[in-house]
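Asker: As a plain string of letters, each chain reads:
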Amino acid sequence: MRGAGFETFLRQSAAGLLRLGNALTLDRAAAEDLAQETLIRVGLAWSRVRKDGNPVGYAQRTMVNLFLNERRRRSPIPVAEVPDRAGEDRALTSVDDAAHVHQLLAGLPPQQRAAIALRYLADLPDDQIGAAIGCSAATVRSHLSRGLATLRTQMTAEG
Amino acid sequence: MPEFLSTTDFDLPVTEDFLNRVHRGVRRRRALRLTVAGCAVLTVTGGVFAVTRPHEVTLPVPAASFGTASTAIADVDRFRIGHLPEGITLDPRADSATLIISPDGEDVTDGRSAGPLDATVAKSMRRFEQTNGGSYLWITVLRPLPATPERGTAILLNTLANRFLNGTTTVATFDVPTGKARLTRTSGTEDAGHGLVIISPDLSVIAIEANARVPADVLKAVAAGITPA
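Going line by line, the protein sequences match chains G and P. For the first sequence, position 18 (counting from the first letter as 1) is numbered 18 according to this note's numbering, and the numbering increases by one without interruption. For the second sequence, position 174 (counting from the first letter as 1) is numbered 174 according to this note's numbering, and the numbering increases by one without interruption.
If we strip away everything but chain G, and leave its shape as in the complex, we get (with noise of 0.2 Å):
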């Protein structure tokens, strides 16, 4: 019975933490990692977790609590150089602008893309958040409010 409501749980929520990887991670093998480890936890503390009453919830702290930690561990990586736009080639462009999100989002300090992808992605209110990245909602709001301008001013600067 326990297998079968972890399963269901599994089935239901993989997408969503796929996606939510992915925002966080802006690589699709990354995101994969970062999901797959997170269900693995989530497995592994199910009779816990399903008591608790919130398991996307969970799901979704452990997740983010994941990457900052790896993110943490890891010396930094250098963002690469901008591609050149496709312009003319109008198939091409909303995949342009694609990555061209996920190149601005990766110059973002880890917490305010965290904050970000579980606002917008998650749909999660500041306490929320604030619980899964380990701060106030305050500075939830802050590193939204600082994310959000930057990305803005970014992409202002570049036309």
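Hints are not guaranteed to be accurate.
Stated by the list, open to error - Some, not all, of what chain P presents toward chain G, calculated at C-beta under 7 Å:
(1) D11
(2) R21
(3) G134
(4) N211
None of these hints come from the bench; they were simulated from the model. Where is the CB? At the ideal position from N, CA and C, for every residue including glycine.
Starting from the structure of chain G, add chain P where the hints point.
Answerer: For chain P alone, kept in the frame of chain G given last:
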């Protein structure tokens, strides 16, 4: 959602292979936990026998500085972690790597082998988590390996310590069983947390990093409980 974020599709397909990997991972970790628990029982049983033998020497129990503490043993590099707050558990995965550091203090990341002027440093880290899976603290040991050039050892030691001291303010210094400790506070952030850096006589640097909510007294108690293994 801001417009520029709405242009990006972050969706990834959920494949059966992905779901199978999750199930396989859960099964393997459960098996690993059972194995580790079995080994722990054997270790404790062995410890009881050791204490009852008259000529055995037992390690001193570190002094706990607050009442809710419990003892939890883990090793990181050549050091034993003898004290953790109640409810904090060890992430079973140990993280280790060998760093190559050039004479100017930068990590060599281009894949080349260590040159005669480069230092090689063993890096070991253990992570500790709360009952909800959230990170609580990290203990990292950086230990120069014997191949490190004698000349410049002090510079290397400063380089290693500064990896954890940069961007912080030292708020206290004191002795711990493994060396000289500095309690630090992160500079310039709203929710500044504390950290702790120990410089050991064997030229190892031990860093205790924690989430911003961990009180300084807890870090001090953890540092006091670290002993040479």
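Asker: Each hint should be assessed against the structure and marked as holding or not.
Answerer: Going down the list of hints, with the structure as the test:
1. D11: holds, 5 Å
2. R21: With Cβ-Cβ at 6 Å, under 7 Å, it holds.
3. G134: Holds, because the Cβ-Cβ distance from P:G134 to chain G comes to roughly 5 Å (cut-off 7 Å).
4. N211: holds, 5 Å
Consistency note: the structure conflicts with none of the earlier hints.
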